[in-house]
Amino acid sequence: MHRRQFLGLAAMMTLAGCAGPSGMRVGDFLPDTSGLWQAHDPDSRLPVDHRAWNRFLRIYGRTDGDGRTLLAYGEITQIDREALLDYIARLSTMPVDRLNRSEQLAFWLNLHNAALVLVIADGYMIPSLASLGATTAGDDPVMGPPWEVPQVTVLGRALSLRDIRNSVIRPIWRDPRIHYGLSLGAMGGSSMPQFAFTGSTVDQLLEDGAISFVNSRRGVSVEGRQLVLSRLYSWWQEDFGGSEDAVLSHLRQYAAPLLRARLAGSRRIAYAFNTRLDDGTGLSG
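Each residue of the sequence shown is one higher than the one before, counting from 1 in the working numbering.
Worth double-checking, as some hints may not be accurate.
Label pairs and their computed distance ranges (CB to CB) [stated by the list, open to error]:
1. Arg98 x Phe195: 20 to 30 Å
2. Asp80 x Asp245: 23 to 33 Å
3. Asp43 x Arg262: 40 to 50 Å
4. Ile269 x Asp43: 40 to 50 Å
5. Thr201 x Ser221: 44 to 54 Å
6. Arg262 x Glu238: 20 to 30 Å
7. Asp43 x Val222: 44 to 54 Å
8. Asp203 x Gly67: 14 to 24 Å
9. Arg225 x Arg51: 41 to 51 Å
10. Asp97 x Arg51: 19 to 29 Å
11. Ile269 x Arg45: 43 to 53 Å
12. Gly282 x Gln38: 36 to 46 Å
Hint data in this document are derived by calculation from the structure and do not stem from the laboratory. Virtual Cβ for every residue (Gly too), placed ideally from N, Cα, C.
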């Protein structure tokens with residue numbers, strides 16, 4: 001199997017909304033019964049250094065003809081892979097409970113995206129679909145989908161990519177725009193951010209991401225009397241208001257004038273999602 005076909009299948013498994021070992025589905029919250037992630041310091045000035053992730057995105061980010069930011073997974077050098085590992089390890093030692101909310105949100109978005117890139121990069125040349133399910137926690141092999149296997153440790157708690165999304169970011173911030181900052185590693189998802197989030201930029205970058213996604217064919221397309229929306233809006237409909245009407249209201253908030261006019265009135269709604277890997281390998285930087 002060609003490696004890009006293989007990874008497209010892997011992305012499809014990740015994003016199809018299938019129940020995992022726990023029986024959870026893609027849009028479900030994972031409850032934080034300890035309250036660990038709620039802790040923060042609203043007066044904190046403690047910064048987080050994301051320069052290594054910013055450098056990585058600058059080197060491996062690619063823009064395609066549709067304006068999407070892709071990642072050149074197949075070009076990542078061993079040195080830069082080690083630098084990415086070091087960045088993730090440094091985030092793991094951060095006292096995230098001592099950060100203010102803006103710094104925390106930037107922290108979690110960057111950590112999720114960096115860990116996802118590492119998972120994809122490490123599976124990029126593996127020829128077997130089953131092999132991608134074997135990831136590593138410490139020195140012991142852990143079998144299972146990489147998105148459900150712990151990839152990082154924060155405040156002593158091992159977390160998977162799904163944990164970061166569903167037990168930390170979504171329930172705490174309750175902000176639909178986070179879906180425009182969390183990469184899914186797929187062409188149909190939001191673009192990989194061009195820059196690292198920081199406490200001072202995260203709000204504006206998410207706002208920009210919302211505008212970009214909603215006004216792209218990945219977000220919304222109008223085909224006759226039918227609206228074709230990204231499956232993000234069905235998978236995580238709860239985050240966008242809990243109904244199709246609420247989703248449409250959200251879309252109109254960010255739509256450019258022409259699209260906003262086309263969103264008016266009654267139309268059938270369908271959902272679509274391109275599961276192909278958002279791979280920019282071979283594109284010029």
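| Gln38 and Gly282 - C-beta distance against the hinted 36 to 46 Å | For Gly282 and Gln38 the Cβ distance comes to about 44 Å; the hint holds.
| task | Given the range 20 to 30 Å, decide if the beta-carbon distance of Arg98 to Phe195 lies inside it. | result | Holds, at about 24 Å.
| query | Between Ile269 and Arg45, does the beta-carbon spacing fit 43 to 53 Å? | reply | 45 Å, holds
| Cβ separation of Ile269 and Asp43, checked against the hinted range 40 to 50 Å | 44 Å, holds
| query | Does 44 to 54 Å hold as the CB distance between Asp43 and Val222, or does it fail? | reply | Holds, since Asp43 and Val222 (Cβ atoms, about 47 Å apart) stay within the stated range.
| query | If you check the beta carbons of Thr201 and Ser221, does the distance land in 44 to 54 Å? | reply | 30 Å, violated
| field | Status of the given 23 to 33 Å range, CB of Asp245 versus CB of Asp80 | value | 45 Å, violated
| Assessment of proposed distance window 14 to 24 Å (beta carbons of Asp203, Gly67) | 22 Å, holds
| message | Holds or violated: the 40 to 50 Å window for the beta-carbon distance between Asp43 and Arg262? | response | 46 Å, holds
| query | Is the hinted range of 41 to 51 Å satisfied by the C-beta distance from Arg225 to Arg51? | reply | Since Arg225 and Arg51 have Cβ atoms about 49 Å apart, the given range 41 to 51 Å holds.
| message | Taking 20 to 30 Å as the stated bounds, is the beta-carbon spacing between Arg262 and Glu238 within them? | response | Taking Cβ atoms as reference, Arg262 and Glu238 lie about 25 Å apart, which means the hint holds.
| said: Just to be sure I understand the hint, the distance between the Cβ atoms of Asp97 and Arg51 should be within 19 to 29 Å; is that true here? | reply: For Asp97 and Arg51 the Cβ distance comes to about 23 Å; the hint holds.
Going through the hint list in order, the structure does not satisfy hints 2 and 5.
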